[in-house]
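In case you want the letters, here they are:
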Amino acid sequence: MSAETYDGRTIADGAATGTVLRSTEPISFYGAVDIESGEFIEEGHQLEGENVADRVLVFPRGKGSTVGSYVLYGLAKRDNAPAAIVNTETETIVATGAILGEIPCVDGIDVSELEDGDRVTVDADAGTVTVLEE
Amino acid sequence: MNLTADEEALLESDNPAVRKSMELLVRLGDIYGAEEMVEIASAQASGISYKSIGDPGVEFLEGFADEGAEVSVQTFANPAGMDIDRWEEMGVSPEFAENQRRILTALREMGVTLSFTCTPYLSGNLPRRNQHIAWAESSAVSFANSVVGARTNREGGPSALAAAITGRTPKYGLHLPENRRATHHVDVDASLDTQADFAALGSWTGRIVEDEIPYFSGIDDATTDDLKALGAAMAATGAVALYFVEDITTDDAPPAAVESLVFESSDLADEYDDLTDTEDSDLVVFGCPHSSVEEIERIADRVDGETIEGDMWVCTSRSNKTWADRQGYTETIEAAGGTVLSDTCNVVAPIEEMGYESTATDSAKAATYLPGFGNQQVKFGDKLSLLEEVTK
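The listed protein sequences derive, respectively, from chains A and B.
Each residue of the first sequence is one higher than the one before, starting from 1 at the first, in this note's numbering.
Each residue of the second sequence is one higher than the one before, starting from 1 at the first, in this note's numbering.
Hints are computed from structural coordinates only; laboratory data are not their basis.
Be aware that one or more of the hints could be misleading.
As the list claims (entries may be wrong) - If you want a taste of the chain A side facing chain B, the calculated C-beta under 7 angstroms gives, among others: (1) T5; (2) Y6; (3) T66; (4) S69; (5) Y73; (6) G74; (7) R78; (8) A95; (9) I99; (10) L100; (11) V111; (12) L114.
Computed from a predicted structure; not experimentally measured.
Beta carbons: idealized from backbone N, C-alpha and C, even for Gly.
Build the full structure now, drawing on both the sequences and the hints.
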């Protein structure tokens, strides 16, 4: 199996390698992720019980309260932030949080191409996501 | 986006808050298709109440201040979740007050003026025509664009703060003259007699035109307070950031070849019904957006010597309250059982925690937000008729 690279758009600079945690549902960070632990606490959400810290968090887009930007910032301050964020389309709530929290973020990626557990490198400066070989 | 050498330098700044602010503005500019930045004359920061931003917001503001965030243009702050001095009397909990104080301290550290008002234009942050500004607070955005003729998009809390720090905002949307043209013609075929009538017209129009630009004709006269109420309502039921009123805010003729609407007396009456879902109220609130001194005077005149049943808040800025105190209006209103609060309002104060379940108001903006933000049932009416009911 050869490495596959997807081209997207830079939202927040930086680069990171990590394991994919994927949601096919949009995410509202406010009320959904615990800043103190990075745990996903929103009841009924497909990521409930998972931990976003150091994962490459892959989801279609953000939703909900604009306070979500501050949650991403708070996660970053406590070293509980995702290693990187990959979206289909990053709206302003997630874009703001990723930039303020300095979390590498890329959008314009078909999130169905990335599987839970894939090892990927997100090069946000170049706007690319590369799935690493097993 | 084309950046100047100065702007490139801001992106590489040693100050992390400046660097992140610039990066945020550049990305937002990319997302919205801006080709360049424009320098701004002032900012209005929102997301100031602890009720609105919670612990994550406190943490952000403190963290950003620690990282060296400092505003470079005049920046006013939106209302807080409590009267800074009279919070205890309001019934706000000490925990809430402590968190609100942390926000206040972080804002002061960043150089933000602790105005705590949604009507900065009545309190010393008044732009001029065609000036570029970066304001959050939808009602203030509408007033600045429409009545003053300044130019701002509807900013969010972080983007307004980033603009305040860097002194710039991406040039797109309402910063460009070609995007400031009316898209709808609203012919007002109803008599607008009170400020609440203007609010009702705004609430009806906002729902229909959503984020577009209405031009009103058929309005003979409108006070500054009437226009404030009209714009606030349209920004709440819709996302209207700019409107025109023939012969009042503009000398331009009505737009040709745009969608036409007629607002009739029956629409006005229906709007009062739509905004009302209870006949009783625990609390009567005026001052959304914040009351002018003239509105406070009118309320004082009406309740002079009377006793108000239940609670009544008149919300305003600290600066307006100073004049109300001096004129004796505050004393008159409080002798009747009301309270004149500064720095806050019923939308951003934790009113549901204070035990209130229903609110009467002359603000269509408050009537729109209170069911969701404050878990309130709402009665909408004009000042004098609401006061008539609580003083009889």
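Hint check: 7 angstroms Cβ-Cβ cutoff, A/Y6 to chain B: Nearest chain B Cβ about 19 angstroms off; hint violated.
May I ask you to test the interface hint for A/T66 with respect to chain B, counting a Cβ-Cβ separation under 7 angstroms as satisfied? holds (6 angstroms)
Quick one, is the A/I99 hint okay against chain B at 7 angstroms, beta carbons? Result: holds, 5 angstroms to nearest chain B Cβ.
Are A/S69 and chain B close enough, Cβ to Cβ, to be under 7 angstroms, as the hint says? This hint holds: A/S69 lies near chain B, its Cβ roughly 6 angstroms from the closest one there, short of 7 angstroms.
Quick check on A/G74 please, does its C-beta sit within 7 angstroms of some C-beta on chain B? Cβ of A/G74 sits 5 angstroms from chain B, so the hint holds.
How about A/T5: closest beta carbon in chain B under 7 angstroms, or not? violated (22 angstroms)
Restraint satisfaction for A/V111 [CB to CB of chain B, less than 7 angstroms]: violated (18 angstroms)
Have a go at the A/L114 hint: is there a Cβ in chain B nearer than 7 angstroms to its own Cβ? violated (22 angstroms)
Supplied contact hint for A/A95, tested at 7 angstroms Cβ to chain B: holds (6 angstroms)
Hint validation: A/R78 versus chain B, beta carbon distance must be below 7 angstroms. Holds or violated? violated (9 angstroms)
Verify the interface restraint on A/L100: the C-beta must sit less than 7 angstroms from at least one C-beta of chain B. holds (6 angstroms)
Holds or violated: A/Y73 as interface residue toward chain B, Cβ cutoff 7 angstroms? holds (5 angstroms)
Going down the numbered hints, you'll see the structure goes against 1, 2, 7, 11, 12, while the others check out.
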